[in-house]
Amino acid sequence: MSASESFLMEQRHRPRQCEAGRGAWGRGWWALVVLLCALAFPAVWSPAAVRAAEVPNAVPPEGSYDGKHVPQPIEFPHDVHVKVNQINCMYCHTYARRSPVAGIPPTSKCMGCHSVIATDKPRIKKLVEYWEKNQPPPWKKVHDVPDFVHFTHEKHLRRFVFNNPGMDVADVKEVCAFCHGQVAEMTVARKVKPLNMGFCVRCHEANDGPHDCWKCHK
Amino acid sequence: MSTKINRRDFLKIMGWSGVGAALAGCDMPSYVTLEEGRETVTSYVHPEEFVIPGIGVRYASTCQQCPAGCGLHARVREGRVLKVEGNPSSPINRGKLCQMGQAGLQHHYNPDRLRRPLMRAGGRLQEITWEQAEKLLLQRLGPEASLKPGRVAWLTGTVSGHQAVLLDALLESLGSPEGHYVHEVVNDVVSQEVNRELLGDPLPRYDFGAARMILSFGADFLGASVSPVHFATEFGGRFRGVWNDPEAFRKGAFLPERERGVLVQAEPAMTLTGANADLWLAVRPGTEGVLALGIANALLVKHRRDASMLPEEVRRLVARYDLDTVSGITGVAGDLIVRTATWLHERTPSLVLAGGPATGQEHGFQAAAAAMLLNIILGNVGRTILPSGEFPFPQLTPRRGGTGDLLAFAEKASQGAVDVAVVSGTNPAYTAPAFVGFAEAFGKVPFKVVMTQFPDETAQLADLVLPLRSPYEDWGTHVAAYQAERAVIGMQQPVMTPLYEETRGFGDILLSLLKARAVEGYQGFADYYAYLRHAFATFAQEFGGEAVGEEAFWRRVLQEGQLRVPRRPGRLQAKAVPVRLPEPRADTEFPFHLVPAARLGLWDGRHANIPWLQEAPDQITKVVWGSWAELHPRTAQRLGVEEGDVIRITSPQGSIETRVYIHKGIHPEAVAVPMGQGHEAYGRYAQGRGVNPLKIVDAVREARTGELALFGTRVQITKVGRRERLVRMGGAETQHGRKLVATITADVYRRSEGGGEHVA
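Same order as they appear, the protein sequences are chains A and B. Start counting the first sequence at 1200; every next residue gets the next number (my numbering). Start counting the second sequence at 312; every next residue gets the next number (my numbering).
In case anyone wonders, no lab produced these hints; they're calculated from the structure. All C-beta atoms in this analysis are idealised placements derived from N, C-alpha and C, irrespective of residue type, glycine included. Incorrect hints may have been included.
Said to hold, decoys possible - Straight-line C-alpha distance at most 20 Å; calculated SDA-like pairs for lysine to any residue:
| # | chain 1 | residue 1 | chain 2 | residue 2 |
| --- | --- | --- | --- | --- |
| 1 | A | Lys1340 | B | Gly365 |
| 2 | A | Lys1392 | B | Leu345 |
| 3 | A | Lys1417 | B | Leu393 |
| 4 | A | Lys1339 | B | Val356 |
| 5 | A | Lys1392 | B | Glu346 |
| 6 | A | Lys1417 | B | Arg388 |
| 7 | A | Lys1417 | A | His1268 |
| 8 | A | Lys1340 | B | Asp479 |
| 9 | B | Lys394 | B | Ile366 |
| 10 | A | Lys1267 | A | Ser1298 |
| 11 | A | Lys1320 | A | Lys1267 |
| 12 | B | Lys394 | A | His1268 |
| 13 | A | Lys1267 | B | Pro358 |
| 14 | A | Lys1308 | B | Lys394 |
| 15 | A | Lys1332 | B | Pro358 |
| 16 | B | Lys407 | B | Glu389 |
| 17 | A | Lys1267 | B | Lys394 |
| 18 | A | Lys1267 | B | Leu345 |
| 19 | A | Lys1354 | B | Ile366 |
| 20 | A | Lys1392 | A | His1268 |
| 21 | A | Lys1282 | A | Ala1376 |
| 22 | A | Lys1308 | A | Lys1267 |
| 23 | B | Lys459 | B | Asp479 |
As the list claims (entries may be wrong) - Listed next, the stretches of chain B that the computed footprint assigns to chain A, with coverage defined by at least 3 CB atoms under 8 Å from CB atoms of chain A:
| # | segment |
| --- | --- |
| 24 | 362 to 373 |
| 25 | 600 to 611 |
Chain A with its partners taken away, still in its complex shape (with noise of 0.2 Å):
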């Protein structure tokens, strides 16, 4: 599916939620049901199921995407590293707070535990023929916006983890969720988000985000 097909659908499943209520009305009404929410449920929810599921301040965007299973050179579990390990996302891609694009991590800080751990297991074997080869792997590119778009991972992670309060760094993986999906449950990644205009302006809409044409087109 080419990226403006996928854009299509998009837009025929896009819930109808300009009808419902325009402009600062339809925000208020959304914050109102999420205030609803977070007023009557939390008597009822285990604390454990709010941690998980939670970001404050934040309506998280919808919209889905069938992406397709993308063999990498290694298959990495990105599973085993965030849901059994509990490794926060930023440890390995540092760069998101920083700069604009999240950034692979650097083949020597895989080798920073793997000289030492599951030296054994066939992919961390493959990892260190890299390594000793002074490559890094080919890893192949899942997510990407259009070069005509400024896509700043910096900007979004001080809205919704930096500067958001009550939002815990460690519970960072929930906003990257909001259009990596939930990355703990896959091994390598998957694209689950659109990714498209229309999926970036309902999240600014609902979140309140800039909206001028050319915060995103410079």
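Given the coordinates of chain A, work out where chain B should sit on it, guided by the hints.
The following block gives chain B in isolation, referenced to the frame of chain A:
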């Protein structure tokens, strides 16, 4: 076969080429896609601590797009250089960079760059490996090569810094210490000679801030000059009175600190400098010296300036050039000569410059000497013309030259007196006029090596072509010919890893030859980088101070992109000599004067393979991607041509055909054709586009220096009868009688209250 294609054929061709494109598309890797799993994202293996993917890092280096030596900051992201800007701490360009410098990226990433050495085999150039190329080179220039003294010739563009030191040592070792020829089309050889003889300093420093007026005889100091960006910042800032302190200017303090200086430009065809002038004088080509003497006459006679510093002989000479005579010879109206003289009289100190078409004549030296006479009368020497001082490392100073060296090289080669010729940093097969017969002369050399980045015209004639690294991939040091108030050695460092492995740096090639020839003092260095490190270790002792270690000093130089060096103060003399200017001769067969115009863009043709500069509209005519011939409206009317008509311009040496552009910024007896186009090779963007005016330049030499008189060619013009569209940006030059902007004539304005001395 008929070249006409009917609609049916056209559709057939389109259909098949569409299939071809589709088939080709199957195997084409798609580099720009949003599809998952198509593009590769590469991480660092060991990241540098200061490198953040997605955010650029700046490296300081020195620009190599012309010999001015401006400092650069190159922005590098993910290991790729993306943008170059001026280095704010460079005293030469003060953070500014011209379009040629900015476009250096397109030399670096040019798709036509040579990726492997080439060797002539069976009459054709074929790709070989570096090992083979090095072996070939060593056969001819190595220790076993039996070279007779004086039989090696090395033709380069301007070379300075440690590359020049290595080249000198190599030529010495090859037994040809006199074998270095330096060729630059855009040069100031004649001006240097005048300055050396009359001032005792070949290139003095000009204080634009002190000058209240500039009178320039064809010196295009804002465009094609020895340091265009430096002069432009000096002119726009200190001379025009916008700022006087570079530091304050950098901080954004645009305080008018003084009155606005007045610029008068006298030249046959308008240059970028002429376009900035308050008064532009269209002077008959080759009579600039006469105009200078006419102004001197008005200063002495009308304004009774003190002339006691002039020898009696010179005073008598000046007295002969009265207003009517001068106006008659130069074609400049008498009142304009008087006005210029009055301004000069009132606005002391001033600055009188000569260059380009004034010096590019058979009597160029005399014309520049006449201009210098004005400086002496006006007392400018020592006030706006200052001694350049002595550079502390003479071995690093630039080896400069003009076309005279090319003529000498070609003559020697055609006599069969050269066994090995090496050409680097210049493209003489393109720039040499037809009368030189460069290809034949070069062909007589048994072994011809060309070091270049591109498959240029000279490379097509070579036996061995060595692909050079781009300036963004190579080490070097550069000393500019024109140094600002503070002198620097410009540092050139690689800002990214080389794009093509099978290329070498110029310094590395020189060093490997020196090592192969076992020249003493060069054995210990693994590469040119190691040699430079060693050289800067000695500088560290001299300039680093006690507290600074060698490593810290080296890092500081790299970070700043330059090393400031103190100059010993110099002295100027002011010698007035009698000048001998010929009467302009009327030529009935070749009535016009050819002006091969150099522009801050394609320059002498070296930038014709840069699409950005081809696309950038010419500063005067706004034409893009091609050649044109500038004619005065009166001349065009007499010849019966309009814009876009093709004319043939014929000199005794040949002819070129190009399209007419009509404007008033040219003398009616001149035809100006810009340099830079008309390449037969040099890659996809350059070749087969426009014409090269250098080809029809006549064999006229400047009498004193032997330099080629670039502007001394007489031509005839004939209408071809064909029309071609002149592609140019910009709107109409008339208001079509609709009074879009209300205007009054300059004369009326001058007489009104808005006038006064500020209006030309």
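Problem set entry | Those earlier numbered hints the structure runs against, lowest number first | 7, 8, 10, 11, 12, 13, 14, 16, 17, 22 and 25
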